[in-house]
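Enquirer: Sequence:
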Amino acid sequence: MVNTLLEVVKIRVAFFDRDGTIIEDYPDEKWSSITAPEFVSNSINTLQKVQEKGYKIIIITNQYLINEGYITLQQYEQINKLMIERLSSQGIKVLDVFYCPHRRDEGCNCIKPRTGMIYKAINKYSNIDINQSFMIGDSKADINLAINLNMKGFGIGVDATDPRIKKLDNLKDLISYI
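Mapping of the sequence shown onto numbering that gives the first Met the number 0: residues 0 to 177, in sequence order.
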């Protein structure tokens, strides 16, 4: 009798913030007039290189704009759809997108820097190796999410005293650290 043991293949994930990291961010009140994503300089090229280095890409994004009334869920979904289509046309496969629609004062467990969205990702994709994954974003909330999960993080223009966090001057610098 032959015993067969199926080993779960672990995956490394690059958790990317969306607004200000992949696509441009705007003051809250301007978002209601945005109909299509404008990509941050070097974001497409950087995502391609991250993917080439063997990372799966998951987007983790606070979208408090929805419940605070700046945009509708449909507006969020349309911008996201156009972003994913453009990335796909460039050969970039986004494994998933997790978003938090809650107001900043709602007390949910998913708004960054709380860990809910990452735990949703881990529950959905149980083969994520969090120790070989990282978070990248342009805000303290992104960096603090990485710290809260005891994982490696990169802050675009964001300082942190935690040794697991590396400050980057711009997104394209990420490639030299992974």
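Careful: at least some of the hints might be erroneous.
[What the hints assert, rightly or not] Quick list of in silico lysine to any residue cross-link-like pairs, SDA-like style, CA-CA up to 20 Å:
#1 Lys-48 / Lys-165
#2 Lys-123 / Lys-166
#3 Lys-29 / Gln-74
#4 Lys-171 / Tyr-63
#5 Lys-119 / Asn-79
#6 Lys-139 / Asp-158
#7 Lys-48 / Asp-158
#8 Lys-9 / Ile-129
#9 Lys-52 / Asp-95
#10 Lys-29 / Lys-123
#11 Lys-171 / Ser-40
#12 Lys-80 / Ile-43
#13 Lys-123 / Phe-97
#14 Lys-52 / Ile-174
[Unchecked claim] Ranges between beta-carbon positions, derived for each pair:
#15 Glu-37 / Val-8: 34 to 40 Å
#16 Asn-149 / Thr-34: 35 to 41 Å
#17 Ala-140 / Asp-168: 15 to 21 Å
#18 Thr-34 / Asn-147: 18 to 24 Å
#19 Ala-35 / Thr-160: 35 to 41 Å
#20 Ile-177 / Glu-23: 32 to 38 Å
#21 Asn-149 / Ile-174: 21 to 27 Å
#22 Thr-34 / Ile-121: 18 to 24 Å
#23 Gly-53 / Ser-125: 29 to 35 Å
#24 Ser-175 / Thr-34: 32 to 38 Å
#25 Arg-102 / Gln-77: 34 to 40 Å
#26 Glu-105 / Asn-147: 17 to 23 Å
#27 Gly-156 / Lys-80: 27 to 33 Å
Hint data in this document are derived by calculation from the structure and do not stem from the laboratory. Please read these numbers as outputs of a predicted model, since none were measured by experiment. Built from N, CA and C at the ideal position, the CB exists for glycine as well.
Enquirer: Now tell me, hint by hint, if it's right for this structure.
Expert: Quick rundown of the hints versus the structure:
1. Lys-48 / Lys-165: Distance of about 18 Å is within 20 Å: holds.
2. Lys-123 / Lys-166: Violated, at about 30 Å.
3. Lys-29 / Gln-74: It holds: about 13 Å lies between the C-alpha atoms, which stays within 20 Å.
4. Lys-171 / Tyr-63: 27 Å, violated
5. Lys-119 / Asn-79: 19 Å, holds
6. Lys-139 / Asp-158: 8 Å, holds
7. Lys-48 / Asp-158: Given that 20 Å is the threshold and the Cα spacing comes to 24 Å, the pair is violated.
8. Lys-9 / Ile-129: 9 Å, holds
9. Lys-52 / Asp-95: Distance ~18 Å between Lys-52 and Asp-95 Cα, so the pair holds.
10. Lys-29 / Lys-123: 33 Å, violated
11. Lys-171 / Ser-40: 9 Å, holds
12. Lys-80 / Ile-43: Given pair Lys-80, Ile-43 holds - Cα atoms ~16 Å apart, limit 20 Å.
13. Lys-123 / Phe-97: 11 Å, holds
14. Lys-52 / Ile-174: With Cα atoms ~9 Å apart, Lys-52 and Ile-174 stay inside 20 Å; holds.
15. Glu-37 / Val-8: 34 to 40 Å: 36 Å, holds
16. Asn-149 / Thr-34: 35 to 41 Å: 39 Å, holds
17. Ala-140 / Asp-168: 15 to 21 Å: 20 Å, holds
18. Thr-34 / Asn-147: 18 to 24 Å: Because 34 Å falls outside the window, the suggested range is violated.
19. Ala-35 / Thr-160: 35 to 41 Å: The hint (35 to 41 Å, Cβ to Cβ) holds, given that Ala-35 and Thr-160 are roughly 38 Å apart.
20. Ile-177 / Glu-23: 32 to 38 Å: 23 Å, violated
21. Asn-149 / Ile-174: 21 to 27 Å: Between Asn-149 and Ile-174, where Cβ atoms are some 24 Å apart, the hint holds.
22. Thr-34 / Ile-121: 18 to 24 Å: 33 Å, violated
23. Gly-53 / Ser-125: 29 to 35 Å: 19 Å, violated
24. Ser-175 / Thr-34: 32 to 38 Å: 35 Å, holds
25. Arg-102 / Gln-77: 34 to 40 Å: 21 Å, violated
26. Glu-105 / Asn-147: 17 to 23 Å: 18 Å, holds
27. Gly-156 / Lys-80: 27 to 33 Å: Cβ of Gly-156 to Cβ of Lys-80: about 28 Å, so the range 27 to 33 Å holds.
Against the hints set out earlier in the document, violations occur for numbers 2, 4, 7, 10, 18, 20, 22, 23, 25.
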